[in-house]
Amino acid sequence: MDMLSLIIKFGIYGTMALALIAAIAVVTLRNLFHSALCLAAVLIATAMIYAAFHADFLAAAQILLYVGAVMTLIIFAIMLTEQLGSKTIRQTNRQNLAALAGLLVFVVILGRVIFKTPWPVTEKALASKVTVMELGKAFMGPYVFPFEVISIILIAALLGAVVIAKKDR
Amino acid sequence: MNTVESLKYFIPELILLVGAFFVFTIDFFVKNKRIVSGLTLLTLTLSLCFVKQPETALPLFYDFFHLDNFAHFFRYFALIAVFITLLLSYSYTPIRNQYEGEFYGLFLFMAFALILVATANNLLMIFLSVEFLSLLSYLLVGFLKNDRKAKEAAIKYLLFGSVCSAIMLYGMSLAYGASGSLELSTIGNTFFFAPFKPLALVAMLFFLVGLGFKISMAPFHMWAPDVYEGAPTPVTAFLSVAPKALGFAILFRIMAVGFLSLGRPPSLILTALSMLTMTLGNITAISQNNMKRFLAYSSIAQAGYILMGLAVLSKLGKESILIYLLAYLFTNLGAFAVAILVEEKTGNEDLAAFSGLSQRSPVTAAMMAVFLLSLAGIPPLAGFIGKYYVFAAALQAKFIMLAVIAAINSVVAAYYYFRIVRLMYLTPASGPVFSAAPKSITVVLCLTLVVVLAMGIFPSFFLDRILS
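As given, the protein sequences belong to chains U and D, one line each in that order. Using this note's numbering, you'd call the opening residue of the first sequence number 800 and step up by one each time. Using this note's numbering, you'd call the opening residue of the second sequence number 618 and step up by one each time.
Next up, chain U with everything else stripped away, as it sits in the complex (with noise of 0.2 Å):
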């Protein structure tokens, strides 16, 4: 194995050990500030290892939309309401430990079952990359349906966000 390939695996690794480290500091952080970055923090790791995997085009989308969008919003009206900014919560109940212990049975299991499973991974599977523009002929060939169906969904979201956040008449 060349150098560069072990830089790559392991940036590919430190990646994801920081989306993971980061994604256990959005829980446990009492402060709600503090929890939103760490959280845009995640969502820029999840999108390196898009990109890291030849998913060019959802690396883009997730900067574009999660992070440039949704955590700018986040943010915002945590700031907004001055309150939250500076409060400190405890983020666990009573019964943390019992679930940690629940979990961690359950990461065994999954850990045990991922491993033992024969995965089929191919040379060719590795070397596929799609380019925005097979995304586009697909969205509007075999996927149309799903397409619409998720405009329709989102169609359906906005007239429900605007009868609850309106005032009344």
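In short, the hints are calculated from the structure, not lab data. Hints are not guaranteed to be accurate.
Between beta-carbon pairs, the in silico distance windows are [what the hints assert, rightly or not]:
id : chain 1 : residue 1 : chain 2 : residue 2 : range
1  : D       : Asn965    : U       : Leu909    : 45 to 51 Å
2  : U       : Leu864    : D       : Thr662    : 37 to 43 Å
3  : U       : Phe938    : D       : Val980    : 53 to 59 Å
4  : D       : Asn686    : U       : His833    : 52 to 58 Å
5  : U       : Leu864    : D       : Lys766    : 54 to 60 Å
6  : D       : Ile772    : U       : Leu909    : 46 to 52 Å
7  : U       : Arg829    : D       : Leu1084   : 56 to 62 Å
8  : U       : Leu864    : D       : Leu1084   : 45 to 51 Å
9  : U       : His833    : D       : Gly880    : 46 to 52 Å
10 : D       : Leu1084   : U       : Ala816    : 28 to 34 Å
11 : U       : Val931    : D       : Cys1063   : 54 to 60 Å
12 : D       : Met618    : U       : Met802    : 51 to 57 Å
Here are some of the chain D residues that sit facing chain U, going by a computed Cβ distance under 10 Å [claimed, not checked]:
id : residue
13 : Asn619
14 : Phe681
15 : Met727
16 : Phe729
17 : Glu748
18 : Asn763
19 : Ile1022
20 : Ala1024
Glycine is no exception: its CB is placed at the ideal position from the N, C-alpha and C atoms.
Starting from the known structure of chain U, fit chain D onto it as the hints suggest.
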């Protein structure tokens, strides 16, 4: 089948969508909301008229909309459920003052979402349609946004639902990773190879979490009582019937196509969950004092009985699910229609409002008694036919223990259903005689009563149509 060829089989759904957008537009200009409500009913009726049984299974839109006989049954089911729910909402006062038009329009989207769930045949459509259904459910639960209980219920429902779907999504990613395909049938074929079996079992459990939430299966039922109590009553009636039925439909498809190769273990897991669900639902229902909570726990218990049909995973099991769901649709909506009527007349959601109902409104009390007896599974009513078939399915597959537990549970259930009957007939009335019921509720009551009686007395008429 490509997009253009598919469109001619897709007319009922197109009518629903066009109708929904039309309703939202008309709602801007029209002050009299009766016109809007009439339009929604018209849309649903038109859509019902154009539903045609497919001769063979049709893979519409490149098989993203898989229309077979199973899906066809649920098409009717969804449209009827939404139709009855809308009739119930017309005479429900709290909805009248708040965005009435939007409420009706969202229900047309709901009908579309339900049909999508029934026709979903691959992981992408399963996730999309189930999420669509959940999203609309959260919205409708929190629709009375100035009501504290409704807000709390909607938030609880949203949080619980999101976690459950996330877990299901993880299960989907495992199934997709192992098979490299979104199609349930390809996934099913992959899982026939022994090395994939442990993974398949884990993925199946994750699916059970996500869909168990939708069918309010124990131990994922905790949201149900609070949500059913907080939601507007017609929405509660709807949630206890339609999303649950479609949850069963998609769960059956996943089990029968995707995880058939697992053999015995899924049956055993489902058997255990079925026993747990019916026992928990029945035991908790006994001590309830609020009518909506009472019906919520009763519907959890009913989900336990339907799970019996799912657990055996046989042909008879599938048929028993369809029959039970149809009987349950009309029985439960009928019971809720009475509950809404009593709530409207007394302004009280407690069981106490039912005391002496036989003196205040003899016809309503008699109808409620019929619905409750049908829920308890007493012959010759629809509920009995449903129960008969799930028990037959369990016994045919030699699930004796399950049948025994279900029988004991039925006795417990009969006790609390009869408690309401006793309350209506043997306690003195606490208020004046009811004035005439609103027309739409009368229509629903008559319709559901006729079907509940007809299904019990002439079951062969319905069975032939369901099983064809």
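Okay, the hints, checked on the actual structure:
no.	hint	result
1	Asn965/D / Leu909/U: 45 to 51 Å	49 Å, holds
2	Leu864/U / Thr662/D: 37 to 43 Å	41 Å, holds
3	Phe938/U / Val980/D: 53 to 59 Å	56 Å, holds
4	Asn686/D / His833/U: 52 to 58 Å	55 Å, holds
5	Leu864/U / Lys766/D: 54 to 60 Å	34 Å, violated
6	Ile772/D / Leu909/U: 46 to 52 Å	30 Å, violated
7	Arg829/U / Leu1084/D: 56 to 62 Å	59 Å, holds
8	Leu864/U / Leu1084/D: 45 to 51 Å	48 Å, holds
9	His833/U / Gly880/D: 46 to 52 Å	49 Å, holds
10	Leu1084/D / Ala816/U: 28 to 34 Å	56 Å, violated
11	Val931/U / Cys1063/D: 54 to 60 Å	58 Å, holds
12	Met618/D / Met802/U: 51 to 57 Å	52 Å, holds
13	Asn619	9 Å, holds
14	Phe681	4 Å, holds
15	Met727	9 Å, holds
16	Phe729	7 Å, holds
17	Glu748	7 Å, holds
18	Asn763	7 Å, holds
19	Ile1022	27 Å, violated
20	Ala1024	34 Å, violated
The structure does not agree with the numbered hints 5, 6, 10, 19 and 20 stated previously, though it agrees with the rest.
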